[in-house]
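> Top line first, the protein sequences correspond to chains A and B.
Per the working numbering, numbering through the first sequence is continuous, rising by one, with the last residue being 256.
Per the working numbering, numbering through the second sequence is continuous, rising by one, with the last residue being 1162.
Honestly, the hints are just simulated from the structure, not real lab data.
Just so you know, not all the hints are guaranteed correct.
Claimed, not checked - So the derived list for chain A, only partly shown, Cβ under 7 Å to chain B, looks like this: (1) R86; (2) V180; (3) N183; (4) W222.
Note that CB positions come from ideal geometry on N, CA and C, so glycine has one too.
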Amino acid sequence: MATPVMDKAETPGAAPAASPYITVTFRVRRFDPEVAADAFWEDFQLEIDPKERVLDGLHKIKWDMDGTLTFRRSCAHGICGSDAMRINGKNRLACKTLIKDINPEKPITVEPIKGLTVLKDLVVDMEPFFQAYRDVMPFLITKDTNEPTRERLQSAADRERFDDTTKCILCAACTSSCPVFWNDGQYFGPAAIVNAHRFIFDSRDEAGEQRLEILNDKDGVWRCRTTFNCTDACPRGIEVTKAIAEVKKALITRRF
Amino acid sequence: MSTTETTPSGIGPVEGDGGLSYGPDNPAPVIEPPRKRTKKSPRSTRGNFEMHAWLFMRLSGIVLVVLVIGHLLIQLVLDGGVSKIGFAFVAGRWASPWWQAWDLLMLWLAMLHGANGLRTVINDYAERANTRLWLKALLYTATVFTVLLGTLVIFTFDPNIR
Chain A
1 MATPVMDKAE TPGAAPAASP YITVTFRVRR FDPEVAADAF WEDFQLEIDP KERVLDGLHK
61 IKWDMDGTLT FRRSCAHGIC GSDAMRINGK NRLACKTLIK DINPEKPITV EPIKGLTVLK
121 DLVVDMEPFF QAYRDVMPFL ITKDTNEPTR ERLQSAADRE RFDDTTKCIL CAACTSSCPV
181 FWNDGQYFGP AAIVNAHRFI FDSRDEAGEQ RLEILNDKDG VWRCRTTFNC TDACPRGIEV
241 TKAIAEVKKA LITRRF
Chain B
1001 MSTTETTPSG IGPVEGDGGL SYGPDNPAPV IEPPRKRTKK SPRSTRGNFE MHAWLFMRLS
1061 GIVLVVLVIG HLLIQLVLDG GVSKIGFAFV AGRWASPWWQ AWDLLMLWLA MLHGANGLRT
1121 VINDYAERAN TRLWLKALLY TATVFTVLLG TLVIFTFDPN IR
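Taking the hints into account, I'd like the entire structure generated from these sequences.
Below, the structure is given as structure tokens:
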């Protein structure tokens, strides 16, 4: 982490510019089942450059203030999808949210994503989410079982058809922003439908019918209430609700 | 990190705990995942019912816009407005099979549309299986009662009732 502290130390003789640091309060939802049965809010005050990200703030807390704070992060650059959390009441990736963009004058609330069991602090059990993902068979299926002798070619237009849904990083920001999923985790959830869409509309894949049948479930696409929470939450800008609508349309017309 | 004292269970000492520590003999409470799909959870029911219900909502919605706005115009706005409505006005309208059919269609579509909408609301918001069952039982009873009563009245209406 290239912190501004380093730059400052190297240029001690520079004119004393106004400090970029501001005091921010992080209000973090803490939960440790080995200590207490109930979750609670804990405030952390830290000096941070508002151009830094929420994840940097969490790192500061974990490394310098309270090592027991638990959260997931891997790449820290918006690709791995580990650090989806509810920041100021909205699902976001902590590594893509700048402090200055979320009103640092007020305490910044950080909670685990909703609808999944909290294991500790900001870490949730992702198993039901991945279960739904596995259920839609997110892999290429072809009728030809022989090993292919040449590349499976595809026109640019055919590739464009499902381009939007290839962007999913499985962070669960969409699924855990869905009110239907909050109440009934049996719903497949937007992320699973997005990943089914990615293969249903892939001209190389031949199991579209099968996948549509899976999503025709009573907990499938028809439970979508088009609240657009998923589209708002997606850190990759996928038009999730549109993808779900396209799957619905494909189910009705059986054309895809 | 490696210098942190740990108890044999691997869990560090808890701040301010009165000797409370978890280990093999005193395991931490298990959190049950409430939404996990297990082998015991019911076999998912695939079928076209939900699709047809979804389509019905869209199509009946479109038809209802025409029926209901037409109904409101005739009853409340045109030709003297609400003050003209009385037994004679209703009797006069139901003398024509056109208005009988209009009202019958509106009754059925509105009731089924509303009932299906409430069914999805109950499915979305009722948390326990029993609550769901009873709310839906109440909903279906009310729907069937209203639809049958309305249909009966439309078909057996007698303007010379008195």
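> Hint by hint, note whether the structure agrees.
Hint-by-hint comparison with the structure:
no.: 1; hint: R86; result: violated (17 Å)
no.: 2; hint: V180; result: holds (6 Å)
no.: 3; hint: N183; result: holds (6 Å)
no.: 4; hint: W222; result: holds (4 Å)
Hint 1 from the list above is the single one not met by this structure.
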